[in-house]
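Undergrad: One-letter residues, chain by chain:
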Amino acid sequence: MRLLLEGGRVIDPANNIDSVLDVLIEDGRIAALGNTRHDENMHADANADTDVCLSAGARARAASITTVDCRGKIVCPGFIDLHAHFREPGYEYKEDISSGSHAAAAGGFTTVCCMPNTDPVIDNGAVAGFVTRRAQEVGLVNVLPIGAITKKQAGEELAEMGELVAAGCIAVSDDGKPVLRSDVMRHALEYSRLFGIPVLSHCEDASLSAGYMHEGYYSTVYGLKGIPAEAEEIMVARDLILARLTGGRLHICHISTKGALEAVKQAKASGLSVTCEATPHHLALTDEVVGSYDTDTKVNPPLRSEEHRAALREALASGLIDCIATDHAPHHFESKDCEYGLASFGISGIETAVAVIMDTLVRPGLLDIARMVELFTTGPARVIAEAAAGPAAIPAPGRTVPCLGALTCGAPADVTVIDPDMVRTVDPRKFYSRGKNTPFKGMELKGWPCMTIVGGRIVAEDGRV
Amino acid sequence: MGISAQSTQFDRRKDLLGLKDVSNEEIELILNTALPMKDIIRREIKKVPTLRGKGIITVFYENSTRTRTSFELAGKYLSADTSNLAVSTSSVQKGETLRDTIKTLEMMGPDILVMRHSMTGAPHYVAKNTSMRVINAGDGTNEHPTQALLDMFSIRERKGRIDNLKVAILGDILHSRVARSNIYGLAKFGCEIRVAGPPTMIPPGLDRLGVKTCFNLDDAIRGVDVINVLRIQRERQQTGLFPSLDEYSELYMLRPEHLSLAADDAIVLHPGPMNRGVEISSDIADGDTALINEQVTNGVAVRMALLFLMMGGRKDEIAA
Amino acid sequence: MRDRRPRESADARAAEGTDLRTSKSVGPTNPRDQADQKGAKERTVLVELRDKTQIMDEMGMKRALTRIAHEIIETNKGVQGVALVGIRRRGGPLAVRLADLIESFEGIRPPVGVLDITLYRDDLTALANQPLVHRTEVHFDITGMSIVLVDDVIYTGRTVRAGLDALIDLGRPRRIQLAVLIDRGHRELPIKPDFVGKNVPTSREEVVSVCVREIDDEDKVTIQERIQ
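Chains as they are written, first to last, in our numbering: chain U, 1 to 465; chain G, 1 to 320; chain W, 1 to 228.
Derived from the structure by calculation, the hints contain no laboratory data.
Worth double-checking, as some hints may not be accurate.
What the hints assert, rightly or not - Lysine-lysine pairs mimicking BS3-like chemistry, simulated, CA-CA at most 25 Å apart:
(1) 128(G) - 441(U)
(2) 436(U) - 159(G)
(3) 38(G) - 159(G)
(4) 430(U) - 128(G)
Source: prediction; values computed, not measured.
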């Protein structure tokens, strides 16, 4: 089976490529990058040292190749979502691995890392194995489980990290709730060094965060109890201090405040092994939108004020933020169709993430498109790379994720193609995700993923799977 | 101001959810209409046939007998049929969702729903999901528009105007919907608003609303025309916002000596029910400067005006 | 001589709620008609009206009011226990003028009040917009008195019906009489004025416009027609 993506602008940050090229996919792997149309000699692109010339034989076989016209499109390594909630097992009424995989494919993601706050919690090898198996049965996108830091995510006893890694987990996290006890977090960061996996920290001081929206001018105006930025920053600071103590790899989930970014900046400057992610909704929206009392704007961490959003955008462009992750949190409509105070936190974001970034950041020139591709590919890949490659000590047969986020020849052909000119209105009714909870509903966005290829197979086209 | 001021024609308005998005013209219309309404309350025959055949239902998810009664009487004086969903005995306790409760009520055919809810935004949510007109009788820590309207009516009645007055609001500003609605309403008329309360009960961003924050009563009261004293919720003490009621009253109870700092003809408002000896001294509560009893009458008048104005027009012409 | 001045339609006036009188005499008062008339959403459509015939000038109005004042005195055998209550808006100044005339004839000034009948209208549900409510100013006890209700034009009778109800809610008068400057016919209720300045046969399409100097800077009554 051969597939030729013809004439698109290939952006592959891992291999330092950014030029109009054809991509040949053969037997599920990237076979070659080159130019079949305009140059009889089919020379390799000068920028790309990984390029090989398409052989005369390959050219001859071109007739039997399925050709996809990618002119005007951006061809990138498959996008990776480091932070999604697929809810299975336990909350299949919100989402399951099938609906989540469909949503991811439609949204342009080829690899999704799933948070462990399921029921039962992914705190043992059996549940992690179940997730991996279910994802393989569904067979749309790569699903990599994230194990819990603590048993039942109770924040008390470490989960069996070795078993989790053996079963395919690429990181640990108690996402959804913070690890409140500093000693537990310390031990998690220490113990994780054995496996080289990052600890993904949901930073929130629960005693400060009993509110519904960002604390500031708008919480006063809208009369909703606020969550101060400091509730996040205190925990970020603590975790960074513990990372320094332990030498563990710390990744800050859904970073959303100026102070947290400053702390991470300092930590990085001092050489700590720390990374962080930002979500499309924190980058696109501010707390002002809460005024509609639309429960789809209720998310944790809350949508922040303009000041924080500006800091986030700056950090995104400057490279301080390592990756964009969706924090895709689908909910059943009933847990959003109620009073603001009673509604669940979360946004179903995996199907709109790329378009939101394209429309709100790339289009107005706030973010270079090549940088965006990094944030969706090499950025998240680096966070989990060491784990994905697998430490020698722990055999992990289930894991086949080398070369994530790169169009390297011989790598599995995970490709995301973006049409920067496609205009579509966000219609949650058309979501594959069971969660229709999006504050972007009804918005007209420009720049959408138009093709998702996983292992050489086209799994989604123009948003349809 | 940073608050969007929609200028809607009142008769195109489906709901009254807060003063944030009510225009000056609408406020003036309500206050002007409340004048003849107040005359009716003072008559021997306190009834006009205006809203004959109209149904008003009050749903209070938080106890407030006085506000509910005020709305009910206002409706009755205008000949509307009013009834009340007693929350304690209703299916709310059985775990019915708000949407289902409202749908059930809607199917009984009332025209106006008057709603009090402990959660901010609940009336906004309901308004979006029902064809009934919704009046917010207080939601969470957000707004209590009819209280602010009756306060403004009382101020205007005594002062002859609202424009450009100096107003002090005292107490728990952070949790007070009365404070918020008053701030939104009075700011539209160019009033200089000051608030005073314990620093733990002052919300952020007030300066951006044009409101001056003081921590002590003297600073807030100096030279003001109107003092609005908020009721302190005793349960706030348990959440650690102030150490004790004794200390609160020591620091924040309005006393006669404070009044001497205010303008000569200053007036004192209180939304009730009062905690005498906590936020307001009896000398003031019972004194000539206090409009507290008049506020109650004015509350009925303002609510009559609102019910009349909102009930106007043919349903099919109201933009939802 | 044609005075072509655009006038707002009855609905537009009622929409602004400023002028009950106009809505009464200009447009059809019949709720059905009003409902029919404004199926469309235009609330500010100007209906152009032009004067067709002037039926009363300043002197004519003065003579008519003088006669009515005499009739009121005669019918009530003096002015003891008599009070005048004008219906907002133009009934108000007319009641004051009648009181002035009665005082000049009898040396006693009967009490005068103004009635706002908005809250008693029977067409509120048919109106697109709530009219403005003004205060009723009757600062005397009407119980036991002979009340002369004063209005400028009687047409369907619905305004007078509302006026009677509004009055009775203020107390229990001994009797109520009705004085109007113009009776234009087309009654829809069994109501008949006791004192009439002038009977004017009209068609429903026509509009009777009463101007009083207190409000309109001149005294005159005209019949107007709509310009298509």
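Undergrad: What's the verdict on residue 430(U) and residue 128(G), does the C-alpha distance respect the 25 Å limit or exceed it?
TA: holds (22 Å)
Undergrad: Would you mind confirming whether the straight-line C-alpha gap from residue 128(G) to residue 441(U) stays at or under 25 Å?
TA: Cα-Cα ~16 Å, so holds.
Undergrad: So if I understand the rule, the pair passes when the alpha-carbon distance is 25 Å or less; does residue 436(U) with residue 159(G) pass?
TA: Answer violated: residue 436(U) to residue 159(G) is near 53 Å, above 25 Å.
Undergrad: Given the proposed pairing of residue 38(G) with residue 159(G), does the C-alpha separation stay at or below 25 Å?
TA: Distance ~17 Å between residue 38(G) and residue 159(G) Cα, so the pair holds.
Figure legend: structure checked against the earlier numbered hints; the only hint not met is number 2.
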